[in-house]
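Asker: Sequence:
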Amino acid sequence: MAKYKVTVHTHNIATATTMNNVFIKLVGEKGESKRTWLASLRGGFYQDTASSEFEVVCPSSLGKLVLIELDKQPLPLFPQDTWFPSKVVVTTPEKGTCQFPIYCWIMDTEVHLFREGTAKRLCDETNHLARYSREKEMKTRTEQYCWDTYKEGFPGSMKADNPLDLPSEIQFSFTKASQFLFTAATGITELKLMGYSDSKKNWKNIDEISKVCLNRTVISDYAQEHWKEDEFFGYQYLNGCNPMLIRRCSVLPANFPVTEDMVKPSLRGSSSLLRELQSGNIFLLDYKNLDGLKANVINKKKQYMAAPLVLLYRTPDDKLIPIAIQLKQKPAKDNPIFLPTDSEYDWLLAKIFVRSADFQEHQLNVHLLRTHLLAEVFAIALLRNIPMVHPLYKLLIPHTRYSLQINLLARAFLIADEGVFTQFAASGGEGMIEILRRSVASLTYTSLCVPEDITARGLESIPNNYYRDDGLKLWHIIYRFVEGVIGFYYKSDSEVREDKELQNWIKDIFDHGFLAQECTGIPQSFSTVPEVVKFVTVVIFTCSGQHSAVNSGQYDYGGWMPNTPISLQQPPPTTKGQSTESTMLKTFPDVGTTAQGMSTMWLLSKQSSDFVTLGQYPEEHFNEIPPCRMIQKFQTELKDFSETVNARNSGLPVPYTYMDPAVVENSVAI
1 MAKYKVTVHT
11 HNIATATTMN
21 NVFIKLVGEK
31 GESKRTWLAS
41 LRGGFYQDTA
51 SSEFEVVCPS
61 SLGKLVLIEL
71 DKQPLPLFPQ
81 DTWFPSKVVV
91 TTPEKGTCQF
101 PIYCWIMDTE
111 VHLFREGTAK
121 RLCDETNHLA
131 RYSREKEMKT
141 RTEQYCWDTY
151 KEGFPGSMKA
161 DNPLDLPSEI
171 QFSFTKASQF
181 LFTAATGITE
191 LKLMGYSDSK
201 KNWKNIDEIS
211 KVCLNRTVIS
221 DYAQEHWKED
231 EFFGYQYLNG
241 CNPMLIRRCS
251 VLPANFPVTE
261 DMVKPSLRGS
271 SSLLRELQSG
281 NIFLLDYKNL
291 DGLKANVINK
301 KKQYMAAPLV
311 LLYRTPDDKL
321 IPIAIQLKQK
331 PAKDNPIFLP
341 TDSEYDWLLA
351 KIFVRSADFQ
361 EHQLNVHLLR
371 THLLAEVFAI
381 ALLRNIPMVH
391 PLYKLLIPHT
401 RYSLQINLLA
411 RAFLIADEGV
421 FTQFAASGGE
431 GMIEILRRSV
441 ASLTYTSLCV
451 PEDITARGLE
461 SIPNNYYRDD
471 GLKLWHIIYR
481 FVEGVIGFYY
491 KSDSEVREDK
501 ELQNWIKDIF
511 DHGFLAQECT
521 GIPQSFSTVP
531 EVVKFVTVVI
541 FTCSGQHSAV
551 NSGQYDYGGW
561 MPNTPISLQQ
571 PPPTTKGQST
581 ESTMLKTFPD
591 VGTTAQGMST
601 MWLLSKQSSD
611 FVTLGQYPEE
621 HFNEIPPCRM
631 IQKFQTELKD
641 FSETVNARNS
651 GLPVPYTYMD
661 PAVVENSVAI
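Under UniProt numbering, read the sequence shown as residues 1 to 670, first letter to last.
Each hint should be verified, as a subset may be incorrect.
Restricting the straight-line Cα-Cα distance to at most 27 Å, the calculated cross-link-like pairs of lysine-lysine (DSS-like) are [claimed, not checked]:
hint	residue 1	residue 2
1	200	302
2	576	302
3	507	151
4	319	301
5	302	201
6	139	633
7	473	319
8	300	211
9	333	264
10	64	25
11	586	204
12	330	576
13	633	473
14	606	534
15	302	204
16	576	264
17	586	330
18	211	228
19	5	25
20	64	5
21	288	319
22	201	301
23	139	500
24	302	333
25	586	294
26	302	328
27	64	500
28	328	288
29	576	204
By construction, these hints were calculated from the structure, which means they are not laboratory data.
Here the structure is a predicted model, which is why all the values come from computation and not from measurement.
All chains, please: the whole structure from these sequences, using the hints.
Answerer: Structure follows, in structure tokens:
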């Protein structure tokens with residue numbers, strides 16, 4: 001008789017246990033066991049504080065185990081429940097160990113097939129039962145995960161009307177759902193009770209704004225104290241929520257006629273604008289993406305946004321300061337170039353219009369499109385094309401956690417017709433749709449690859465750029481890890497070319513995520529191992545480090561509204577010498593709009609207690625020793641990098657934490 005020891009692990013999440021009867025069948029190359037009842041002495045299968053061990057006896061050895069069949073049946077008079085097993089481990093009579101990753105909800109009485117967990121590409125599947133199981137899995141997946149078009153010109157999205165339409169495996173956990181709803185409800189309720197969220201009044205004075213505060217952070221306090229300062233204004237374009245717009249300027253744009261005389265008082269010493277341009281000390285912010293857009297109407301009042309051009313200057317003491325601001329793209333007499341030498345409120349109001357423009361560009365292009373929507377594309381393509389036993393699935397599935405549901409909620413509650421962004425942002429409505437379409441049209445592969453993007457924007461040597469420093473370091477750590485794992489499974493370029501599932505994945509991304517536009521530079525297929533390594537690095541970095549960099553600081557820099565106004569109630573000034581503090585207060589969004597924006601940024605910056613940090617693999621999909629060791633090395637490198645970041649931050653007045661692996665989430669989950 002051949003005796004097999006079967007150990008069943010139930011995942012350690014809320015409601016994962018079952019009181020139903022569980023049955024198993026072992027399937028090997030030489031035969032299969034009988035369907036065996038796994039009789040639990042504890043009366044059920046509980047979370048993995050203690051696994052459940054059983055014995056399956058067969059007349060003879062089944063040979064190499066290929067798959068298992070699992071099903072569960074309710075007890076008489078008891079209801080059908082749900083069960084989330086994590087894995088089944090089988091010890092064979094030959095003393096070998098086989099692991100069968102599961103990590104899915106079993107909610108019915110059907111028989112479910114799970115393959116032995118050693119990573120296999122399609123060409124590695126020689127057993128007909130394994131191939132049948134693979135085909136069955138992918139048929140089910142393509143039915144579950146369907147492409148949809150939210151708006152023409154947008155990347156493809158998941159076809160689902162509400163979170164309950166999503167497959168159970170990708171829905172929020174009970175913990176995540178509860179905390180998300182609680183945070184959303186308490187934020188706006190608190191502001192309602194204070195009488196702010198429904199108020200249509202204008203702000204009476206600047207101090208009154210400080211009363212609308214849901215939470216204080218070190219950086220939000222710093223922003224409140226320093227928001228008027230030029231140095232802090234410039235700093236945010238290197239290390240704030242949107243470090244993606246700034247680029248070195250060697251020649252002034254034709255539509256930005258700044259002269260030597262205008263900026264000479266701002267240039268230190270006896271320098272000139274031409275000399276500073278040639279020396280690489282002048283940088284440009286260009287919000288052309290916002291040009292000509294129709295602004296929103298909030299509380300029946302027309303709103304305004306600008307499409308500014310801004311020159312920034314790197315001073316001899318390595319500060320970055322604005323030296324010229326033009327609020328519209330087309331030069332004209334009623335479109336003056338504002339300067340630091342102008343009156344206090346002329347200059348301050350110009351900067352406020354820039355910061356409000358940055359809010360629109362950041363939220364829609366840098367944050368929503370380039371992290372959330374791309375993460376959704378990567379996830380859907382993975383789930384539609386790559387089976388669970390494939391090495392790419394094992395590598396990338398942690399980076400899809402919660403992404404489809406958070407994006408579904410964003411479409412329903414942020415950018416829908418009645419969404420917060422649509423109702424309360426200057427670009428809400430028609431402007432929002434056009435900004436996203438323009439952003440999709442300008443999306444390139446190069447801009448998603450950190451080393452190439454930094455070089456393209458001329459930011460290799462500008463000091464105090466912690467987004468660049470930490471981003472490059474994190475990129476290279478991820479790249480080395482991906483290179484090791486991909487190189488373990490693909491020994492030659494021909495193996496890449498012959499992997500139909502891998503090729504289908506990248507083609508799906510090209511077609512549905514980048515709308516089959518060759519000008520994006522996104523690959524339509526893979527020819528070499530390095531091509532796969534680079535693209536997978538983009539996927540992981542986008543879903544983890546990049547999302548953290550452009551998401552986690554929203555409340556830090558937006559919690560003090562004057563620093564990042566969600567909307568503005570007065571048009572950009574057309575002359576100089578007319579602006580006062582009263583003008584500024586009338587320009588700011590009204591009290592209710594401020595409260596809505598603040599509560600939303602607070603919600604979107606708040607992690608849940610079950611977040612998983614970058615490099616953690618709580619689901620054990622990899623069986624082989626080499627990739628498991630690579631994961632350990634990856635985690636060690638991330639830990640060392642985190643310590644380096646913390647040591648540096650201890651000496652900074654404004655710490656840069658957004659790329660610290662200890663706070664970077666594995667996926668776009670908020």
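Asker: Determine for every hint whether it applies to the structure shown.
Answerer: Okay, the hints, checked on the actual structure:
no.	hint	in the structure
1	200 with 302	holds, 13 Å
2	576 with 302	holds, 23 Å
3	507 with 151	holds, 21 Å
4	319 with 301	violated, 39 Å
5	302 with 201	holds, 15 Å
6	139 with 633	violated, 36 Å
7	473 with 319	holds, 23 Å
8	300 with 211	holds, 25 Å
9	333 with 264	holds, 21 Å
10	64 with 25	holds, 14 Å
11	586 with 204	holds, 9 Å
12	330 with 576	holds, 17 Å
13	633 with 473	holds, 15 Å
14	606 with 534	violated, 31 Å
15	302 with 204	holds, 20 Å
16	576 with 264	holds, 19 Å
17	586 with 330	holds, 26 Å
18	211 with 228	holds, 19 Å
19	5 with 25	holds, 13 Å
20	64 with 5	holds, 15 Å
21	288 with 319	holds, 25 Å
22	201 with 301	holds, 12 Å
23	139 with 500	holds, 15 Å
24	302 with 333	holds, 24 Å
25	586 with 294	holds, 20 Å
26	302 with 328	holds, 18 Å
27	64 with 500	holds, 26 Å
28	328 with 288	holds, 9 Å
29	576 with 204	holds, 23 Å
Going through the hint list in order, the structure does not satisfy hints 4, 6, 14.
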